[in-house]
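Hints given; two lone chains; assemble the complex.
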Amino acid sequence: MSWQKHDYENIPGTYVFDGKTSHSSYALNKLFYSFNKEESRKAFAEDPEGYADKFGLTGEQKQALLTGDFLTLLKMGANIYLLAKLAIPSGVSVQDAGAAFQGIPTEEFKKNLLTKAEGFQEKLEKEGGFWNG
Amino acid sequence: MAEIVGGITTSHIPAVGNALANDESRNDPYWKRFFDGYEPVKEWLAEVEPDVAIVVYNDHGLNFFLDTVPTFAIGCADSYSNADEGWALPQLETFQGDAQFSWHIAESLIEQEFDLTICQEMLVDHGFVVPMQLMWGHLEGWPVKAIPFAVNTVQHPLPSARRCLALGHALRKAIESYPEDLKVVVLGTGGMSHQLQGERAGLINVDFDMQCMDSVINDPEWLASMTNTEIIEQAGTEGVEIIMWLIMRGALQANVKAVHKHYHAPISNTGAGVLVLQNAS
Numbered sequence: 222m223s224w225q226k227h228d229y230e231n232i233p234g235t236y237v238f239d240g241k242t243s244h245s246s247y248a249l250n251k252l253f254y255s256f257n258k259e260e261s262r263k264a265f266a267e268d269p270e271g272y273a274d275k276f277g278l279t280g281e282q283k284q285a286l287l288t289g290d291f292l293t294l295l296k297m298g299a300n301i302y303l304l305a306k307l308a309i310p311s312g313v314s315v316q317d318a319g320a321a322f323q324g325i326p327t328e329e330f331k332k333n334l335l336t337k338a339e340g341f342q343e344k345l346e347k348e349g350g351f352w353n354g
Numbered sequence: 004m005a006e007i008v009g010g011i012t013t014s015h016i017p018a019v020g021n022a023l024a025n026d027e028s029r030n031d032p033y034w035k036r037f038f039d040g041y042e043p044v045k046e047w048l049a050e051v052e053p054d055v056a057i058v059v060y061n062d063h064g065l066n067f068f069l070d071t072v073p074t075f076a077i078g079c080a081d082s083y084s085n086a087d088e089g090w091a092l093p094q095l096e097t098f099q100g101d102a103q104f105s106w107h108i109a110e111s112l113i114e115q116e117f118d119l120t121i122c123q124e125m126l127v128d129h130g131f132v133v134p135m136q137l138m139w140g141h142l143e144g145w146p147v148k149a150i151p152f153a154v155n156t157v158q159h160p161l162p163s164a165r166r167c168l169a170l171g172h173a174l175r176k177a178i179e180s181y182p183e184d185l186k187v188v189v190l191g192t193g194g195m196s197h198q199l200q201g202e203r204a205g206l207i208n209v210d211f212d213m214q215c216m217d218s219v220i221n222d223p224e225w226l227a228s229m230t231n232t233e234i235i236e237q238a239g240t241e242g243v244e245i246i247m248w249l250i251m252r253g254a255l256q257a258n259v260k261a262v263h264k265h266y267h268a269p270i271s272n273t274g275a276g277v278l279v280l281q282n283a284s
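So the sequences go chain by chain: A and B.
Quick note on numbering: the working numbering labels position 112 of the first sequence as 333, and the sequence is numbered without any gaps.
Quick note on numbering: the working numbering labels position 80 of the second sequence as 83, and the sequence is numbered without any gaps.
Please note that the accuracy of each hint is not assured.
Here are some chain A residues the structure puts well away from chain B; computed CB gaps all over 12 Å [unchecked claim]: (1) 268; (2) 270; (3) 271; (4) 284.
Across the chosen pairs, the derived CB separations fall in these ranges [claimed, not checked]: (5) B:230 - A:224: 14 to 24 Å; (6) A:222 - B:283: 46 to 56 Å; (7) B:4 - A:263: 45 to 55 Å; (8) A:263 - B:97: 48 to 58 Å; (9) A:348 - B:45: 23 to 33 Å; (10) B:24 - A:263: 14 to 24 Å; (11) B:283 - A:353: 38 to 48 Å; (12) B:84 - A:275: 25 to 35 Å; (13) B:120 - A:340: 13 to 23 Å; (14) A:263 - B:217: 41 to 51 Å.
These are computed hints drawn from the structure, not numbers from a lab.
We treat Cβ as the ideally placed atom computed from N, Cα and C, and that holds for glycine.
With the rest of the complex left out, here is chain B (with noise of 0.2 Å):
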């Protein structure tokens, strides 16, 4: 049976793409503690070698334009590949996917009453790249499979907090229900506090991004109870995409382990939150 080896929770940054792609940046003392963070992570990941990664993330206009917005949508192909975004980022190799567990996520997750957008064809940005970057892009070739799962915090209405928790719990059931031998691990990722836009823009607000992170381990009703509008008050119009780490802590047990909690601020215009998370039991 498909087994859940955890949860990662990691900010999609698209300036981290480039950092990435410039060795000197890494060990630029604007970039050294960031990354830093992330060390821990790679370490855990060597040691569980997950075989595949749902990514939870949000389209910036790569694959969804504003013709066509779904709440949730799931990739069901075979591989997935990054593109020019107009955000001038170096573009990576193709993902590999793993089709047929998507499509036994979607039918599960259709059946447990969360109606999902399927993709058979989608172009992945920097919400999902920069993630997986971050994770395995110092390794030889992407070593899992990847699920993008991409959620709408783009244009409003949005899913609610508690709607992406119960999506998290929906997931859960439809990924212990794959008789296939697999380890997986779930990627919630965007915020902490960041608005881009507007007067309020440079918004950045460490207090709730650490109220956040304690949530999501240890009390995610606490975040789950909070209104999208209470949410942007807080931690502004882009920090929003907190709700997706909901999605991934709804996929764990009620009580998790945190294998490794980091946060640093600001990287570009964001508050940047990295948390590793194991079922207790």
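Okay, chain A solo, but in the shape it has when bound (with noise of 0.2 Å):
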């Protein structure tokens, strides 16, 4: 029994949510998504142990949640689409996720983000036919 080596295990600072990734943190996986109810939200907040170990989660899974790191959540098979549910209803935007899996603030995170598109509206006029472009 092995699990199967892909091609795009080998793209940098990513981390592609397959069969592999999915087996092995379904539990973690499963307590994100019982955050689409708000009285599950709430009875995390008022007793996150608990409620971890009410999923079976490992000790070390339980550390990154208790400890909101979310890079080593990550790595250790969270859904992103399924983090999310435990980041954003606590304040956490996407933008503060990716600051948070690179380790800078928030604010240089969206800088980036404007840096990388900057003169996407010079390339549009390049190419024409865009509306507004």
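Listed below in structure tokens is the structure:
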């Protein structure tokens, strides 16, 4: 029994969510999924540790969860869309999470987004045919 | 006979849901150019007056958890509800479906060897809701019936870009073989370049986004020939959602006319592209 290798495992800074990941982190992601419900979010807020125990998280998973260590949770197999159900209701935006993955302030992360898109209007103009571009 | 009046592509960025709920955002300099890009789409829709919208999107953990992940799933119900998905988004009123048309599409696609999952109850999340809001949210009530068509872009293995294009071709046959006189618009949602996770989070690739838009209009084969790993390298792990645009594209004829083409970046973490396409002939 062995997990097969995939070419997407070599993309730097990227954790493609596949069978191996999903299998190893099922309980963790099930906990995040429960946060679709307001009463689950409340129950977690009131007793995070007890709530984690109900889902049978490992000690390492629990520690990363309770300390809000997003990068470790991701490396342990958290699915990003399900992890967002932990982050967003507690006031952590996708930009905050992105900044946390990189260990930089959110403002810097947002600035980087703008920098990466810089000059796009000139490119659209050059290619032509874009509306309002 | 049912007729495809056109296809639309749009991102389904959740932040748009909140911005739309907050009137002040509409004219905020951050949002203005993005929202302006939808005005010609709304005008076009008001002109062609479609009866039904088939919305191709991915669920992000509202209707489907990881216990069951269908590669392709179609809603075959009379209505579809939005619900709390834990993302602090406003919840929208129920969407009216067209169960008979859905079942016809399911039958036709399965006959054409696309083995779909059929859902008689389906909660729809921002992936479906945000495009509906962008198209028709300014009107009182939804003026179209809607059919949710969910594609797995969450847990690999995902369907290939080529498979999505082929599914679109089959979808065209399915729609055009329905005997009712219906005007149908197909929405391909998701993308463009973005990565929410990992140290590479915040990726935006304007050049690749522009190539994708050109490909979807003029040469779908270019995008269809890429592997999902190649797309992720260029567009990010979440940017792979662009494969869903090919389902819309496949539902149109080989030659299309681009009625509208708009791009903006960044919105939230994402490059956002809008296309309105019509069959050329």
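Quick rundown of the hints versus the structure:
Once the 12 Å rule is applied to beta carbons, residue 268 of chain A is consistent with being away from chain B; the minimum gap is 18 Å. Every beta carbon of chain B lies more than 12 Å from that of residue 270 of chain A, the smallest distance being close to 20 Å; the non-interface claim holds. For residue 271 of chain A, the requirement that its beta carbon stay farther than 12 Å from each beta carbon of chain B is met, with the minimum near 20 Å. Chain B leaves residue 284 of chain A outside its interface by the beta-carbon criterion, the shortest separation being 20 Å against a cut-off of 12 Å.
At roughly 20 Å, the beta carbons of residue 230 of chain B and residue 224 of chain A sit within the given window of 14 to 24 Å. In this structure the supplied range 46 to 56 Å holds for residue 222 of chain A paired with residue 283 of chain B, their Cβ-Cβ distance being about 53 Å. Between residue 4 of chain B and residue 263 of chain A, the C-beta spacing of about 52 Å keeps the proposed range 45 to 55 Å intact. Checking the proposed 48 to 58 Å range against residue 263 of chain A and residue 97 of chain B shows it is violated: the Cβ atoms sit about 26 Å from each other.
One distance hint, 23 to 33 Å for the beta-carbon pair residue 348 of chain A and residue 45 of chain B, holds here, with the actual separation near 24 Å. Evaluation of the 14 to 24 Å hint for residue 24 of chain B and residue 263 of chain A yields a pass: the beta carbon distance comes to about 23 Å. Distance hint for residue 283 of chain B and residue 353 of chain A: a CB-CB separation of about 24 Å, inconsistent with the stated range 38 to 48 Å. Checking the proposed 25 to 35 Å range against residue 84 of chain B and residue 275 of chain A shows it holds: the Cβ atoms sit about 28 Å from each other.
At roughly 43 Å, the beta carbons of residue 120 of chain B and residue 340 of chain A sit outside the given window of 13 to 23 Å. As the Cβ distance of residue 263 of chain A to residue 217 of chain B is approximately 49 Å, the hint placing it in 41 to 51 Å holds.
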